[in-house]
Every structure is written in C-alpha cells, then in structure tokens.
Amino acid sequence: METGGGTGTMDRSSPSALPGTAAAHPAVAVSGLSKSYGGIRALVEMDLAVEPGTVHAIIGENGAGKSTLMKILAGAVRADAGTIAIGGVPVSLSSPQDARRAGVGIVYQELSLFPERSILANLFPDTQPTRGGLVDTDAMRRAALPVLERIGLNADPDRLVGDLDLDERQLVEISRVVLERPRVLILDEPNSALNERETARLFAVLRDLKAEGMTMLYVSHRLEEVFDISDRITVMRNGRLVWTRDRAGLTIPDVVNAMVGGSQGDLYPPRRTAQERSAVAVTAADGTPAGSLEVRDLTVGDELREATFTARPGEIIGLAGLEGSGVATLLGVLFGTRQATTGSVSYPDGGGLPGSPTAASRRGVALVPADRRHQGLMLDRSIVRNVSLVSVGTLPSRTPWLRPAEMLGAARRQIERLRIKVGHPEDPAGSLSGGNQQKVVIGKWLEVAPRILLLDDPTRGVDVGAKREIYLLVRALADEGRIVLFRSTELPELVGLADRILVFYRGALTEELDGAATSDTEVLHAINTGRRADGPDGAQEKEAER
Amino acid sequence: MTDAGVATPPGGSAPTARRRSWRSRLPEEAGVIIALVALIALIGTANPLFLQPKSLFQLLSSGAFIGMLAVGMVFVIVIRDIDLSVGWMFNFSAVVAGKLMVMGLEPFLAALCGIAFGAFLGLINGVLSVGLKIPVIIITLGTLSAFRGLSLIVNESKPILAPDKEAPFFTIWDGKLFDVIPSVAVAFVLLAVVLHILLQRTRFGYRVQAMGSNPDAARLAGIPVDRTRILVLVLMGAVSGLAGVIFFGFRGAIDTNSGESFLLPVVAAVIIGGTPLSGGRGTILGAVLGAVIIQAIQSGILFLGIDAKWSIFVTGAAIIVAVTVDQLVRRQRTRRARDVVDAG
Numbered sequence: 015m016e017t018g019g020g021t022g023t024m025d026r027s028s029p030s031a032l033p034g035t036a037a038a039h040p041a042v043a044v045s046g047l048s049k050s051y052g053g054i055r056a057l058v059e060m061d062l063a064v065e066p067g068t069v070h071a072i073i074g075e076n077g078a079g080k081s082t083l084m085k086i087l088a089g090a091v092r093a094d095a096g097t098i099a100i101g102g103v104p105v106s107l108s109s110p111q112d113a114r115r116a117g118v119g120i121v122y123q124e125l126s127l128f129p130e131r132s133i134l135a136n137l138f139p140d141t142q143p144t145r146g147g148l149v150d151t152d153a154m155r156r157a158a159l160p161v162l163e164r165i166g167l168n169a170d171p172d173r174l175v176g177d178l179d180l181d182e183r184q185l186v187e188i189s190r191v192v193l194e195r196p197r198v199l200i201l202d203e204p205n206s207a208l209n210e211r212e213t214a215r216l217f218a219v220l221r222d223l224k225a226e227g228m229t230m231l232y233v234s235h236r237l238e239e240v241f242d243i244s245d246r247i248t249v250m251r252n253g254r255l256v257w258t259r260d261r262a263g264l265t266i267p268d269v270v271n272a273m274v275g276g277s278q279g280d281l282y283p284p285r286r287t288a289q290e291r292s293a294v295a296v297t298a299a300d301g302t303p304a305g306s307l308e309v310r311d312l313t314v315g316d317e318l319r320e321a322t323f324t325a326r327p328g329e330i331i332g333l334a335g336l337e338g339s340g341v342a343t344l345l346g347v348l349f350g351t352r353q354a355t356t357g358s359v360s361y362p363d364g365g366g367l368p369g370s371p372t373a374a375s376r377r378g379v380a381l382v383p384a385d386r387r388h389q390g391l392m393l394d395r396s397i398v399r400n401v402s403l404v405s406v407g408t409l410p411s412r413t414p415w416l417r418p419a420e421m422l423g424a425a426r427r428q429i430e431r432l433r434i435k436v437g438h439p440e441d442p443a444g445s446l447s448g449g450n451q452q453k454v455v456i457g458k459w460l461e462v463a464p465r466i467l468l469l470d471d472p473t474r475g476v477d478v479g480a481k482r483e484i485y486l487l488v489r490a491l492a493d494e495g496r497i498v499l500f501r502s503t504e505l506p507e508l509v510g511l512a513d514r515i516l517v518f519y520r521g522a523l524t525e526e527l528d529g530a531a532t533s534d535t536e537v538l539h540a541i542n543t544g545r546r547a548d549g550p551d552g553a554q555e556k557e558a559e560r
Numbered sequence: 068m069t070d071a072g073v074a075t076p077p078g079g080s081a082p083t084a085r086r087r088s089w090r091s092r093l094p095e096e097a098g099v100i101i102a103l104v105a106l107i108a109l110i111g112t113a114n115p116l117f118l119q120p121k122s123l124f125q126l127l128s129s130g131a132f133i134g135m136l137a138v139g140m141v142f143v144i145v146i147r148d149i150d151l152s153v154g155w156m157f158n159f160s161a162v163v164a165g166k167l168m169v170m171g172l173e174p175f176l177a178a179l180c181g182i183a184f185g186a187f188l189g190l191i192n193g194v195l196s197v198g199l200k201i202p203v204i205i206i207t208l209g210t211l212s213a214f215r216g217l218s219l220i221v222n223e224s225k226p227i228l229a230p231d232k233e234a235p236f237f238t239i240w241d242g243k244l245f246d247v248i249p250s251v252a253v254a255f256v257l258l259a260v261v262l263h264i265l266l267q268r269t270r271f272g273y274r275v276q277a278m279g280s281n282p283d284a285a286r287l288a289g290i291p292v293d294r295t296r297i298l299v300l301v302l303m304g305a306v307s308g309l310a311g312v313i314f315f316g317f318r319g320a321i322d323t324n325s326g327e328s329f330l331l332p333v334v335a336a337v338i339i340g341g342t343p344l345s346g347g348r349g350t351i352l353g354a355v356l357g358a359v360i361i362q363a364i365q366s367g368i369l370f371l372g373i374d375a376k377w378s379i380f381v382t383g384a385a386i387i388v389a390v391t392v393d394q395l396v397r398r399q400r401t402r403r404a405r406d407v408v409d410a411g
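In the order they appear, the protein sequences are chains R and B.
Note that the first sequence covers residues 15 to 560 in my numbering.
Note that the second sequence covers residues 68 to 411 in my numbering.
The following block holds chain R by itself, in its conformation from the complex:
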C-alpha cells in the first residue's frame, strides 16, 4: 500500500508523463492495446481513458474483448502491444503484483477465494499484519470489521468461506479488494450471484467509494444496472472500441445497436404459417411426403412419464423445463442413449426407437449436446476431423479408406455455409470461440443431412451475434422439411424461435404453448408450476390427476 502512495506522489511530480492532457490525468489511460490468442484477435488497438472518481462501464457481447482488457489491467494477461498509464504514469503490468502495486484491484466474475479458510483469512490472502513475527489477527479484525460492515456482510469473520452462500462469498471478494484500497477498482460482473436487494446494497457501497474518489471500471451484461450505476459507457465489439460516451443522453437501444454492430434486424427469424409448413413437408427430401415424429405414452422410469406429442416436419418444437423435468431424458431416449420403459415412438422412416446413438445417427437423427466442450467436440483435433466425425466415423461406407480431400472439402463447405470464423481448417477446434465451436458441432451433423435435429441448449455460452446466426440456421433447417426439437434454458429464445413449446414438469408433459402467442413470463410460470398462469383447465386437470 505504501508503494501505491509513492506512485501517487510521482504522479503529481511528473505532469509531463502524458503530454497534451489536461491538469488531471485519466485514472486509467490505455492506448493501442492489442492481444491475440493464436489466430484470434481478442483485443485490437484498444483506446480507453477513464476519468478519476467516476464509474466507467465496459460493455459488449461475449468475445468482445472486455474480459481480456480487464485481465490485462489486472496483470493476469500480458498485452502484445500498446501502453497503459495509471494516474498518468506509464506502467508495465506483467503480474498481478505489479497491478496491485500500481493501485489496480480487481473483483473477478469467477470467485477466487479459499473455501476452507475463514472470512478473515481470505481478506488478507498474502499480506497479513504481523506483531512480533506472528500474524496479528486482532489487527486484521480491526481493519476488516469496518469494511465488512460497510459492504453489508453480516457474518462472523471467523466463519469459513465455504459455509457462506454464493452472494456472501461475492461480498467477501469485494471486501478483500476494497481493503487493498486500490485507486482503480475493476468489477467484472460483480453481481452475477447477487439478487436485487443485494445488488442495491452493492451499488450503495460503490457510490460511497466513488464519493471518496475511487475510480471504478464496471463490466456487466445487465444493461439496466449499467445505466443505473455508471457515469460513462464504453462499448466494445470484436475486440475493438466502438465508442465511449457519457451515460446521460444514451438509451439502452443505442447501446444494444452498438454492441451488435448497428441495426441487424430482428434477432429471431419469422415463423411460418401452417400452410407454408405443410407445403414444405410435402416437397421435403426425396420428394416423398416427409413423415412426422410421433411419441406415444413414452415413459422412462420415474424421469419421464407418458409423454405424448407429434413433431411435424418444418416445425420447431421448443422444449421447456427445469432440471429434472424430463426434457434431457426425452432427448436421450430419442437419440438412443437411454432406453424407454414403455411407450412407443414412430420415426419419419417408419422405425421405432433407436437402440444406440449409432443406430440413431444412421437413421438421420442428430443430437447437438448441451456440453459442447465435453460432449460435442474433439478440442485437440482439427476442424476437418470434427466436421467429418459423423460422416466418416459413423455412417456405413463401402470403402474402408479415409478420403482426406473429401474431408477437407466437407470442412470447407460447412465453414462457408455456417460462416465459421477460422484461421485454417486444420486448426484445432479448441482454438475457436464458443459460437464458432458450436457451429462446428452443428456442421458435423449437417454434413449427413439429418431428418430430425435434437438441439440441447445450442446457444449456451454463445454471443448474441452467433445466437442470431444459429436461430436463422435452425429456421432454415426446419424450412427444408426437417423436424427440430429445440431445448433451451433461455426462455426468450424459446418464445422467439419455437412454433410450439412443450412444457415438462417433474417428468410429465403438462402444457403445450403456442410460440407466437405466449410470453417469457407465461413459460416461466409454466416450467415452475407445470401449468399456465391462469389456466382454468389446468386446475381441473390437476384435480383429475390426483
């Protein structure tokens, strides 16, 4: 902390550090900052000036470069090029210690606490006050208590962090950084674990700190809160600065447009009418009328009970339900990873349930799993190998030989069709961003033209731009006469994309909602109760069920 004060003195004694600037230096000045990971440019010639004593928000989609910028300022990642000045003094931040010495403190979105140690011990991770060579817990307590009180953490400082709730841990994390008395405090989604009341309390603390002259960089996805707390807003996109403006005079749509790159039209493609769909269905595939997927009284132990529905070609069926609602089980049964207890399913090819994923794949059923990194991709293998996984690895073939030229051609085809951003088709899949990885997973299935697509939360961890592309793609696939079952944990996208939404609740299919006529809140109510908000039938059925 003494060194921090020293820098401050130097600050005043060297006004020529940034020639041309006004008397007060920016608290943080970043110029021409760039960072690449492999072929991906995470940060491109970023410029930023943060006025002292303000709350400055940094916003952008996933992959916009916000976190990379924050990590560089915190000394966790080194920039490839560019300069950083803290309080007008150029600094080189090659380690977290450097950053701390320069007066930068950071609260990460991932908690970085020691769960098996006490709150007090966590507050002083590496610089405990000592007396006679021993750790002085009384001094720690004296220093910590006022801060804890102000942050609003009403817990015994001797409690173990592992026993605290997630939001309390977040407050410990913030207290720890505040105790370092940084001149610049970086908050990377500090309230992701907090509820509204706790967020309000956090914001009160932040305003107090601001009044004391602390400068804050605030990274968040929640635009309402950004508008609530910040003085200035910087929008980033694709690793670049879009603009920095005063919050006063901005509206949320202004910011959203800047984030996604101007007006990109609607997020969701238009739905088709029933007539359009039936026209599609007849002309599908090889000219034969495309069949439906008919599920009758499908039961899997206690996990799924007597589900009955029909999915028609050209239709996007949304599957909604909480953890344990049976949605995951349904997808597993349809793809052959789970076995049904009773019930029947009729596939478009006339067959019944597949006995294995191999059988499912060969019969034109595709599954895009929710856990992309563990279940969808070979991260260490090339995009070429990943795209050809089903066509080469699974489909029967007359020849035992690999055809490298065909595999490369397939990869190029999918890269072009899905607009996957790659350096080279032979690059490992792990080098791609989340959205592009997901496109590779989808691409390997498109290569074999499946008739049924089972999409398990395909936009998880994908940024808005890639989401929109995935929505368009899913609609286009439905328009080609395919059957689409689309599970999502994000209700707005279910409502925006699906033609019909099937609601699963505790293993039962309890509701069917019209995608065009329903709302997020209605679906939310339904997945939590199994019923519509005001369904008179629902109440009766519930009675009948008992």
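No lab work stands behind these hints: they were computed from the structure.
Keep in mind that a hint or two might mislead.
Across the chosen pairs, the derived CB separations fall in these ranges [unchecked claim]:
| no. | chain 1 | residue 1 | chain 2 | residue 2 | range |
| --- | --- | --- | --- | --- | --- |
| 1 | R | G423 | B | V392 | 33 to 43 angstroms |
| 2 | R | R131 | B | V392 | 35 to 45 angstroms |
| 3 | B | V256 | R | R131 | 51 to 61 angstroms |
| 4 | B | Q394 | R | G338 | 33 to 43 angstroms |
Ideal placement from N, C-alpha and C gives every residue a C-beta, glycine not left out.
Assemble chain B onto chain R, guided by the hints.
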C-alpha cells in the same frame, strides 16, 4: 517417414495458419529420430563395431518382438486403454501354434491358427471389457494370469520345441533378405507399415483416434465405440499371436516364461515414441523407433562394456526423459488453444 507427416493432419502441431512454419512441417517423430541417431552416434563413437550394418540390422531384429507388440499397443493406448495381457497372449498363441506343429499340422497352417488364436484371446478381453463395462486394464489384469495359467496347462510346464527345424517355416525366419536384413526385421517393418496405414488412412483408424480424443463426443456422434474397442483388442491379440508364432519360428522353441517380461518395454516403446497415455493420437513410427531405442540401450551397454545390469535402469531413465520432453512440447501446443477458450 514423410508418410507420417502427410497422413497425420497436423491438427495439434500447428495451431494457427500464421504459425505454420518449417517447425510444424517436421514429422511429429522428429524428436525421437534425433534421439535415436544421437544414441547410435554416441555408442558408435565408443565402439565403431556398433555402426556396422550387421549390428544395426541386428538391433532391428532384436527389438522386433517388443516392437511388434508395441505397434499393436499404440491402438490400445490411443483409445485410452492399456492391455496388460500382451505378453501372455504372445506366449499362449506361440504355445498353441507349436503344439499344433508337434501334433503334425503343417507349420504355416499352424502359424495361422496361432494368429487366429491370439485374435480370439483379444476378443475375450474385448467382450469382457465392453460387456461388463470394466476398464480394459482391469480385465487384462485378470486375463494376463488366466492366459498364463492356461498356457502352462497346454505346454505341460515344458518348453515346446520345433518338430523339424529344417522345415521352410523355420528356415525363413532364420534367413536374411539380400543376405543382410534379417527376416524378423522385415516382418516387423511390414507389420508397422500395415498398422500405420490402418491407423492413419482408414475409417477404423479414424474412429480409434476420435474415441481416444473425446469418448463422449465420439459416442454422441454415433461412432460405434463398443465395437471399435473390441476390434482394437482383437487386433492387439492378433498382433500378439503373430509376434508369438514368428518368435517360435525364429527360435525354434517357446519357453514357459517367454513374453513374461514384455509388457513394460512394450508400453515404454509406445511412450518413448510419443504416443501420449491420454490417448487421442498415436504414432506407429514413433513406437518402432521407441522399440529400437530400447534395444539400442540394451545392446549399447554391452558394446560400451558396461555391466548389463545397468540396461534396465537406463531404460527407465530414458522413459522419464522422453515423457518429460513430450509433456513440454504438448503444453506448448495446447496452451494457445486453452487461452482462446478462456478469453472473454
């Protein structure tokens, strides 16, 4: 050798287009090749006799049996398994083939039966592992003793000797191609070429690598993972059987404990060659070189006039060095991919 560079898509070795330099065009096995050349040069400087073609080919044929098992083991390790029973599949197959010859079966036919028998033993491993859903390493821990025990019953705890050492089956394995290259070495190299093509150029090899790279993703892409695992173990058994019958043809006898000490050098050869125990990729050429390196250490110690007792220690040290170097290279390669995933 260039073959390996072309057939292995340089996925892991060249993370970005910009970085695609001379370094990534080198075959993956460059390190092992350099190590082997350095080792031979070192021993050759101390004792020039070692550099005679005869000695060098001798190296290849002495390492052939470990090497044949090692190139088969590459497949098993690529799917993240390990087959502990190889030494006794080798022994048992040779015993069965020898017994058939003693009983009067035409030696070549008996040899074919021995290979088929090895494949059958591999099938037992595979069916048990897949059927009972127990890892191959555990199943083969059991079958290694079972095969050993049955082999002892069949050979009645006595070595089996060739009935007629002048029969063509025995003379060819004793012979030399162009009067310099031992037949055993020729068989080893041919097997390695066939298995290299199988791993790198066929759909089967593709599945094997996919399964090892990400078993869940492979299964959910519909790859028949159970069948592929069984086939890999059948292949391992057939390769063990082949090595066993060639050993019998070469030596004209199979002892009760032949093959007993093979397991560790076999796995060591695969690892020294650069196939990671974490699976997903493998190199047949590397395993060949690994087997030759192990043999070079063992022979070299004799050529250097050092007590043969040291060879086991040096082999162990070589494994540690090889794995350490391999780890360092691998970390370099994966770091960039991981960084990108972590980038916000």
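A quick look at each hint next to the structure:
A hinted range of 33 to 43 angstroms holds for the C-beta pair G423(R) and V392(B), which are about 36 angstroms apart. The hint said 35 to 45 angstroms for the Cβ distance between R131(R) and V392(B), and at roughly 38 angstroms that hint holds. Taking 51 to 61 angstroms as the suggested C-beta distance range, the pair V256(B) and R131(R) conforms, at roughly 60 angstroms. A hinted range of 33 to 43 angstroms holds for the C-beta pair Q394(B) and G338(R), which are about 41 angstroms apart.
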